[in-house]
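Take any residue in the sequence shown, count from 1 to its spot, add 20: that is its number in this note's numbering.
Everything labelled a hint here was simulated from the structure, so no lab data went into it. Misleading hints may appear alongside valid ones.
[Claimed, not checked] Distance condition first, Cα-Cα at most 27 angstroms in a straight line; then the derived DSSO-like pairs of lysine-lysine:
(1) K365 / K256
(2) K365 / K391
(3) K222 / K173
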Amino acid sequence: TYRKLDVTNTVVTSQKSDESLLGRIEYAVNEWKGFFNGSFLYEIGSGQEQKREYTYIEVPAGQGYYTWIDYNNDGIPQLNEFEVAIFEDQKKWVRVFTPTNQYVKANYVQFNYSVALNPKSIINPATKNNLLNFLGRFSTASALQINKKDIAKGSFEFNPFSKKLVDTTLITLSSFLSNTLYFNRTSVKWGVDVTHRLNSNKSLLSYGFEGRKLRDLTLKGRWNLSRSIATSFTNKYIKNELNTPSFANRNYKINETSAEPSISYIYRSDIRVSLIYTYDIRKNTILEMEQAINNAIAAEVRYNVLSAGTLNGRFSYNNINYKGSALSTNSTVGYIILDGLLPGKNFLWNVELTKRIAGNIELNLQYEGRKPGDTRTIHTGRASVRAIL
């Protein structure tokens with residue numbers, strides 16, 4: 021749809037002559053017996069974008085999404101003192117957007133695709149060709165999402181991959197890319213997969229621009245020694261960046277490497293007991309170059325009572341060796357590197373009970389506790405009842 025507005029009488033309206041464009045195309049495919057399937061979306065548009073401001077509002081613990089950390093110890097919440105909360109008892113704030121009566125002409129473009137390849141679907145199961153059987157063990161999945169919105173400068177935005185945007189015209193830019201290669205995915209004995217994810221966001225907020233980028237490369241392997249013993253291994257390489265020119269003290273560029281082997285014992289479908297060890301290194305490569313090395317061991321138990329409910333429990337011990345100034349632990353980068361904990365010994369535990377009562381009534385009880393460093397122990401309990409109709 022293309023629309024052109026000509027204002028011939030400027031006395032009766034302040035509206036200016038304008039052009040707008042709206043378009044959308046979608047395509048879905050499933051071919052060659054399921055070997056190739058995917059979807060595609062491309063959308064463009066233009067119109068008026070309402071300017072917005074936002075503030076943070078305190079809510080009951082557990083009902084929010086953000087936590088407030090008083091970095092300057094003045095007792096007054098400021099926009100640069102809120103972080104995404106890690107623990108339930110810290111989730112006490114929500115971000116509320118407030119619309120204004122100011123508008124700007126904006127263009128937007130959206131591009132999404134998802135593609136999956138499964139060679140096994142076109143290979144004859146009875147074939148004796150070793151090469152074909154080997155290729156049949158592979159499968160792959162890929163997805164991309166781009167959503168870009170910028171201030172119109174007399175032309176429309178068609179190219180979702182364009183890099184010409186500058187801070188003075190950008191409103192929001194978000195993209196997510198995921199690629200996964202599987203080997204032996206359908207095997208009940210063992211399998212390996214490699215995943216690469218890239219998530220980036222840039223937006224104009226009331227205090228200026230804020231850019232975030234998260235790159236994640238993950239290698240996972242699983243090996244079921246028997247019907248009762250299962251093992252797995254996860255290796256991650258992560259780059260986590262935050263760039264806020266208006267608040268340089270919040271900026272960080274963290275490189276993370278972690279290894280996590282685990283072993284589980286399964287008794288029929290009733291009990292699963294897991295032992296997990298994690299070795300994690302996080303280092304900030306700018307400003308004070310903070311670093312944290314976390315050695316953690318955790319035990320998990322899941323008890324399932326058929327048609328009656330489930331009981332889950334977890335206990336973990338984290339020993340964190342932190343390199344950085346004492347003040348840096350109470351900062352944005354300190355909160356991210358330490359994962360909301362403190363240098364030294366940290367204990368975390370939780371228990372959750374879900375039970376079906378009276379047919380369609382479900383009861384959920386949750387208890388969480390943690391003892392970070394030398395601080396006091398924090399206990400959090402929640403209960404809920406819901407009806408399943």
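Taking the hints in turn, this is what the structure says about them:
no.: 1; hint: K365 / K256; verdict: holds, 23 angstroms
no.: 2; hint: K365 / K391; verdict: holds, 8 angstroms
no.: 3; hint: K222 / K173; verdict: holds, 19 angstroms
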